[in-house]
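Asks: Letter by letter, the chains look like this.
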Amino acid sequence: MTPTISCDDLAVTLPGASGPVHILRGVTLAVEKAEFVSILGTSGSGKTTLLRVLGGLLPASGGTVRCDDTAISGPPEGVVTVFQDYAHSLLPWRTVRRNVALGIEARLPKSERDERVDEALTMVGLLDRAEEYPWRLSGGMQQRVQIARALATRPRVLLMDEPFGALDAMTKASLQDQLQQVQELTGTTIVFVTHDVEEAVYLSDRLVVLNGSPADIGLSLEIPLPRPRHQITTKERPDYLELRHRVYEALGHTVGEPARG
Amino acid sequence: MTPTISCDDLAVTLPGASGPVHILRGVTLAVEKAEFVSILGTSGSGKTTLLRVLGGLLPASGGTVRCDDTAISGPPEGVVTVFQDYAHSLLPWRTVRRNVALGIEARLPKSERDERVDEALTMVGLLDRAEEYPWRLSGGMQQRVQIARALATRPRVLLMDEPFGALDAMTKASLQDQLQQVQELTGTTIVFVTHDVEEAVYLSDRLVVLNGSPADIGLSLEIPLPRPRHQITTKERPDYLELRHRVYEALGHTVGEPARG
Amino acid sequence: MARRVNLLGAAVFVLALVLWELLVRTSVLDFTYLPAPTAVGEGLGELLANGELLGALGHTLFAALSGWALAGLVGVAAGSVLGLVRPVWTYSMASLEALRALPIVAFVPVAVLLFGFSVQTEIMVAFYAALWPIMLNTISGMRTEPRMLESGAVLRLSKAAVLWKIRLPGATAMIVVGLRLGLSVSLVLTLVAEMVGNPAGLGFLLVEKGQALQPGQMFAAVFVIGVTGIVLNGLVMGAARLAFRGQMASSGEAA
Amino acid sequence: GGAGGAASDDGDPRTLRIAHNSNAAALPVQVAMAEGIFDKHDLNVEFTKVENIGTLPGTLGRSFDIALSVPTTVISAAQQGIPVTQVSGATLDVEDNPTGFVIGSKKAGVTDITKLAGKTLGVLTETGTTHVATKAWLKQEGVDPASVNIVQVDGPSQADQLAAGRVDAVETVMPFATGVLNNNPDAVNLGDPYLKLADELAAILWISRQDWAARNADVIADFRTALDEAAEFIATNDERARAVLKEYTGLPDAAIKEAVLPTYTSEVRPKDLEVWLDAMREADGFTGDVDLNALVAAQD
Amino acid sequence: MKREKERGGTPVRGLLPLILLLGLWELTGDPASPYFPPPSTWVDGLRPLVDGDKLLPAIGQTALTFLLGLSIATVVGAVVGTLVGASRPIDRALSPSLEFLRALPAASLVPVAALVLGYTTQMKLVVVVLPATWPILLTCRTARRTLSPVLLDTPRTLGLSRWHRTTKILTPALTPAVLLGVRVAAPLALIITLLVEIVTRVDGLGAVLGAAQASFLSAQVYGLLTIAGVLGFLVNWVVTRAETAVSRRMRGTT
Ligand SMILES: Nc1ncnc2c1ncn2[C@@H]1O[C@H](COP(=O)(O)OP(=O)(O)OP(=O)(O)O)[C@@H](O)[C@H]1O
Ligand SMILES: Nc1ncnc2c1ncn2[C@@H]1O[C@H](COP(=O)(O)OP(=O)(O)OP(=O)(O)O)[C@@H](O)[C@H]1O
Ligand SMILES: [Mg+2]
Ligand SMILES: [Mg+2]
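Protein chains in written order, with our numbering: chain A, 51 to 311; chain B, 51 to 311; chain C, 15 to 269; chain D, 6 to 305; chain E, 26 to 279.
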């Protein structure tokens, strides 16, 4: 199986106040088809940057980035990024419905498009706000609109940057499970940036941790938990707890790990 | 003891796509001096709206809002809000240092101001990025700049809207403890919106849950855990676990509660 | 909601007129050339009665609106190209800036030479004047929020779709400002062209009534011009609200 | 470009496209139109009112065949290579019927022309005949024209501007002179500047392009005959003439009743152009060398 | 990929098309043409003015009125535009009257302004400021309306005084809009300055221009127009430089 999306010896340098700053160096990552890979790392370690490079939004300063064996020079077909900065990524002059339709309206006939939009909005629980403008929505709602927009396109590869960061635990859990279901049905490849260790372990097939400055991959951990996973039973499994523990440790987290009563 | 900041029978109505929408109704809340109150609730329940009203940024449609027994008609002296939408709240034409100095530069002499800014930046771990522009920072870093800016003013009341939402677990834990320390030293009153139940229970003296539509306070729960609290020992206490369980239950959360191994 | 009449604005306007009337009545302002609003009202009645007004108004409106519409098309198209295609901008912007700086009034006689005493002269002048605000505002509006463009890229919108669905709608508020500015500028310069060039329309009526020592009628023409400005602007804003509901709402222009 | 090139012809030489302003000098043309005098001479006239007659020389051939003009304009235009020529006279200033006025304000101390030094004079057009004549007059009286501060004031607002003291004197023509003199007790008529150049002088005339005039000598002759007949009609039918005047100037009834009609002529007077050329050289620093003969092609 | 390059000041290279056009005119133009003399004759056309020491004072007068008028319009436009953008009642109260004033042709305002202020620079200024204010006012109003509410809440919650809110937040945030407005307004202000001078012949380039036009001195007219054009171009160039400097600092915003 060839990797869907991959980078090899990737380096990224960006301009900073006092000269160029090396953000990433020597990052090698290959994500296979239908794989779910989570990226963790401290704030400012370069997760967003890595995701932007994989999504074809930022050119690499060194190394190669490929999608299905062709070098990337712009967002490849079927690869959709969900931005961390949801407030800026929605079009304020379009209603929620038309924001969600943005990626498909040129490709699909109206009836099918409406169906897809409704489906996506139902998934994120915002169908009743479809005619509202995004700037009248709460932060978490805007974030969900962006997720719906990505899902509506039925992407092959989904690059998500802290997509559930502004959601309450319940909404988050529901979306986690919806995402798993989508992946199971469609075989979507997902790269998922998150700060929530539990979420990362619960959802992923593999989990990588970015650290250092410039950052590279410090830990790469397979999560061999059986699927389908379930919010209660999976999280009660000893191997889940064990994996979670290892990740906390890798993150240098000696204090914040939730107690294991 | 009179409450520092309070609202009584508060109602908020905002314009929506199809006529006015009732966001809050009959919310009564009194926060006492040096108290730490967390607000929880599903996405879109009205937490940000409530905080904006308490901060004097949004006029109430009904009921009264008071700070130290005087009705509020604008942000009261010493009451500082940390916004959920951090990307928009930093001034892009100012460096990090000058963004943090914004609230104090008119009031303090240069030397003292520099000291305060350095102190605040150290607290959030961004002293080495002081001369950078905010749009060159990662999301989590921007969020921390905003926190530093609020802390630098040494507020009497701090209204924080998901302030740690974009931070990794480690940075978050460190800031939680810093915040506790600040409060202990200065007696700051804190109202704290969060989606993280563990965080809410760990930090708060009291915890309220907004629910319904229009929303009001569904649960108000005292958190009588002894202070000072500690990331490991506190979270291992049976009463902590019990309180956490009760909150999850109040949130209607039957699935997402972390396993209690 | 959009149809609500602006009573407050009308009240301020009427108040100003009443103040003017009082100043004239109390002889604080005592000039034969500057009549009171009531005298202007009489003049207006006379102009309406002899039928000169509507013809002149129609002529001026036709010239100003034709020039403006042309400027709208050219300005938005050229502004988009200049805002998006860097080499075009590099190799022509300075020329346009230089042309823009040329005082169009002084060219009215030249335009008269080229196009004769015709409505074309007026349309050319109106077009030339309205072009620049529309073009500059379009160029400036083309600086779209980068995250929105990235959204378009990620959703694999075609270049045309990005222009049509993201850049132009994002620039709409600015373009509408340009159109509003262009409208009043084209109206004002059509009048200038009529005053010094083609003897037709409201501009000429103004001069003619001045020369005929009929200040009441002359200021009636001025008044009609001003009211035309209000009405045209209202129509543009109304049309923009209808056509670009989301853009207007998100830029705080919903009624 | 090259509007200085060939004139475009509309085909029918007996259809005259005529342009003039609301000046009473053009009354004969209007009367000839209204009373069928042009028809009688087989002339068909299309009239356009243009208030700003300064632009007319350039439009001859293109938009108009015959236009009202003034000697200074004709001379400047010819000097710059615009082939204009006079086809007919229009009015004549004579001692007992002046058409030009310099009016001072007693308040400002301008009671005769020499007092203008250092004062502000409101003029109709800085380059027009009235002002050239006034400058020549000032020179005759030993006043340096440069010492007079000049601003252009629209005829209709001259009365107010003088009364309000924004200008100390105005230089004007009919019908504005009436308003300036009547409503202001401080106004003093200092005299007609034209008559300081000569005892009898033409200050307004009808022009066309030289090539058009050369081709249409017969038309011009008929045009002038028609004007003469119209002038006669005016002299004998005052009431009707004033009705026509009201019709095309739109002046209020009072102004029409008070109006003193100028002395009409169709005579082409080369020596008057000479007087104007001298005045322009003398007072205006005009340095051009103009062949006056080309400007009076229609002289009989 | 990210490609949104930053706009520098208008590059001089951009004058190329204009220079080509003028060259073409020079080659094909007839030096004796009374209406369209080729560029080489323009300098000669100006010579009498230079010799008579009339040109420089005229340029000075026009530049003074133009720049002063533009500055006043900038301040008035920015202040009123911000107010009107911030407050709907003020907007609704003023907009019809402002819209009315805006449509009035400058030439018909001149006599009225002259009655009150005489034939002075102040009179010229009043007539120039009125229309030049508009572009600045309107762009500023729109920019104020589209400012993020959070950006406006920030100084409030930090307890900044009204003055500091204005100087530290509103001014920098609205500066790009003001500069854009100034760029649109500058040629308008210049046109109106010249128009007033042409109409009244109160000192300035317009007075000379009007006289030249009335005497059919087309070469001189084109020469004077070129000078006026250069004046406008220079001001525009300065404003564009300022815009670049500002947008460089504000790259983070849209
Ligand atoms: N546009 C930019 N120009 C220059 N430097 C940048 C830019 N964007 C990000 N950086 C820098 O790159 C580094 C990594 O940023 P990135 O946004 O990838 O972090 P992150 O891991 O996503 O952090 P967070 O969890 O806080 O979102 C940071 O040090 C940041 O300052
Ligand atoms: N400016 C606005 N105009 C109209 N309605 C608004 C506006 N802002 C928010 N709302 C509505 O008010 C309700 C509550 O929004 P609020 O932002 O307070 O939610 P929240 O609890 O903070 O949610 P989140 O956790 O997602 O941030 C939502 O239904 C939202 O659509
Ligand atoms: Mg990030
Ligand atoms: Mg919120």
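Certain hints may be false.
Here are the simulated BS3-like pairs of lysine-lysine, each with C-alpha atoms no more than 25 angstroms apart in a straight line [as the list claims (entries may be wrong)]: (1) K276/D with K262/D; (2) K262/D with K54/D; (3) K251/D with K144/D; (4) K83/B with K222/A; (5) K112/D with K124/D; (6) K251/D with K54/D; (7) K111/D with K79/E; (8) K251/D with K262/D; (9) K120/D with K144/D; (10) K160/A with K173/C; (11) K111/D with K144/D; (12) K79/E with K144/D.
Hint data in this document are derived by calculation from the structure and do not stem from the laboratory.
Asks: So, for every hint listed, does it hold in this structure?
Replies: Results for each hint:
1. K276/D with K262/D: 34 angstroms, violated
2. K262/D with K54/D: Judged against 25 angstroms, a Cα distance of about 22 angstroms means the pair holds.
3. K251/D with K144/D: Not OK: K251/D and K144/D at ~38 angstroms, beyond 25 angstroms, violated.
4. K83/B with K222/A: 33 angstroms, violated
5. K112/D with K124/D: Roughly 12 angstroms separates the two Cα atoms, so the pair holds.
6. K251/D with K54/D: At roughly 14 angstroms apart (the allowed maximum being 25 angstroms), K54/D and K251/D satisfy the hint.
7. K111/D with K79/E: Between K111/D and K79/E the Cα gap is close to 32 angstroms, so the pair fails against 25 angstroms, i.e. violated.
8. K251/D with K262/D: 10 angstroms, holds
9. K120/D with K144/D: 13 angstroms, holds
10. K160/A with K173/C: Holds. K160/A to K173/C sits at ~22 angstroms (cutoff 25 angstroms).
11. K111/D with K144/D: 22 angstroms, holds
12. K79/E with K144/D: With a Cα-Cα distance of about 21 angstroms, the restraint between K79/E and K144/D holds, given a limit of 25 angstroms.
Going through the hint list in order, the structure does not satisfy hints 1, 3, 4, 7.
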